[in-house]
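Protein chains in written order, with this note's numbering: chain G, -13 to 204; chain C, -13 to 204.
If you're looking for bench data, these hints aren't it; they were derived computationally from the structure.
Take the hints with a grain of salt, since some may be wrong.
Identical copies look the same in the list; a pair holds intra-copy or inter-copy alike.
To be verified - Once the Cα atoms are required to be at most 30 Å apart in a straight line, the calculated DSS-like pairs of lysine-lysine come out as:
(1) K5 to K158
(2) K41 to K158
(3) K189 to K1
(4) K13 to K162
(5) K1 to K41
(6) K158 to K189
(7) K162 to K5
(8) K5 to K189
Everything numeric in this text was worked out from a predicted model, so none of it was measured.
There are 2 protein chains.
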Amino acid sequence: MRIEVNKSLTAVNDKTAEKIRTELQEKNIFCVNIVSAPGSGKTTLIEKTISQLGKNLRIAVIEGDPHTDLDSGRVQAMGAVAVQINTQGGCHLDAAMIRKALDSMDTSPIDLLFIENVGNLLCPTFWDLGEHLRVVVASLPEGSDKPLKYPEIYSLSHTLIINKIDLEPLLKTTRKDIIDNAHLINSSLQVFPVSCETGEGIKEWCDWLLRQCKGMPG
Amino acid sequence: MRIEVNKSLTAVNDKTAEKIRTELQEKNIFCVNIVSAPGSGKTTLIEKTISQLGKNLRIAVIEGDPHTDLDSGRVQAMGAVAVQINTQGGCHLDAAMIRKALDSMDTSPIDLLFIENVGNLLCPTFWDLGEHLRVVVASLPEGSDKPLKYPEIYSLSHTLIINKIDLEPLLKTTRKDIIDNAHLINSSLQVFPVSCETGEGIKEWCDWLLRQCKGMPG
């Protein structure tokens, strides 16, 4: 019975998400759903991406957080439009929340929309938000076993960003360990190792993302 | 209606948890529920604690994981009894799972029982497992804002372990930032900064834990 309830919930969500995806596509807005464990650096990645691509693209961010508006404040300070969704302890965003956020924004000038999901490697997995691209961020200090422990979210993502690679010399975990395990789960994952601290890898990620936004092959 | 369902679910859980707590107390087993985000180092902390206290206490571990048995293999290699619970993607343990795990173990020789919860800062919050002590582990590279973003789990924990302090010289986040934010949420949190890599702080944590196990004031 619990499974039926969940199925019916995600079925309604899937329809709302599909409508959002179509609407955004018609408006030439490319939408990226970013998922990860807490503290992997999603917000910093968005800040660095705004910094790199803000001249080429008009960027907006929908920020998901259990309670605070710390992250929307950070991306607004970078010059991006930001809408905060507080889930009041809820463990993922859903398409109805995104619908409401979009209805509160002037979407006409936007080229690229980031959705920063709640920090969680389980709950966001099956909740389509109408995105065109799902990016999972792994932080190098989290260790290399996360793709094996959380295979669903790695299976349903298109892109893996490995953040905090500047710490690699101090850690037992290597980026290769993470990539090998991630590709065991999802061999088609496009991988970008980056350091939001030193800037390493940010240009490669942003150049690739810009091509995705413009509908060009990766 | 959703809230009612959840309330009734946790009410049943609370009763089971209370029975477990009483039963463990009668058997002189001290039970510690460890919660954190994925990759904070819960398993490594348990390994280091077994290494430090294994001569004084007979230690068992109930390992919660969405899918793998990687962690129970690790603590078994340290000489501890370990029982694996796979939640099949479920985002937290509950008292019924602990009941089942306990029924599968010979608990008579155990002094200290660790429960390693699923890596998640939201879902485990309101699920009492019958523990005597709840420990939240924060990893320094996760940043200092997690207590503010996930206040419920910090409110309902007794002890905060700040792991990976060996990386502090390389990070913008300091242990003080985390402690200050954690104490804003829960001023009675007992804090232990540790590095499972260098061993710093492990003795202080283990000495304190040993006193808790023996019912002595911290």
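Do the hints match the structure? See the list:
| no. | hint | verdict |
| --- | --- | --- |
| 1 | K5 to K158 | neither (44 Å within a copy, 41 Å between copies) |
| 2 | K41 to K158 | between (38 Å within a copy, 28 Å between copies) |
| 3 | K189 to K1 | neither (35 Å within a copy, 54 Å between copies) |
| 4 | K13 to K162 | neither (38 Å within a copy, 46 Å between copies) |
| 5 | K1 to K41 | neither (34 Å within a copy, 58 Å between copies) |
| 6 | K158 to K189 | both (26 Å within a copy, 22 Å between copies) |
| 7 | K162 to K5 | neither (38 Å within a copy, 46 Å between copies) |
| 8 | K5 to K189 | neither (32 Å within a copy, 56 Å between copies) |
Hint violations for this structure: numbers 1, 3, 4, 5, 7, 8, all remaining hints satisfied.
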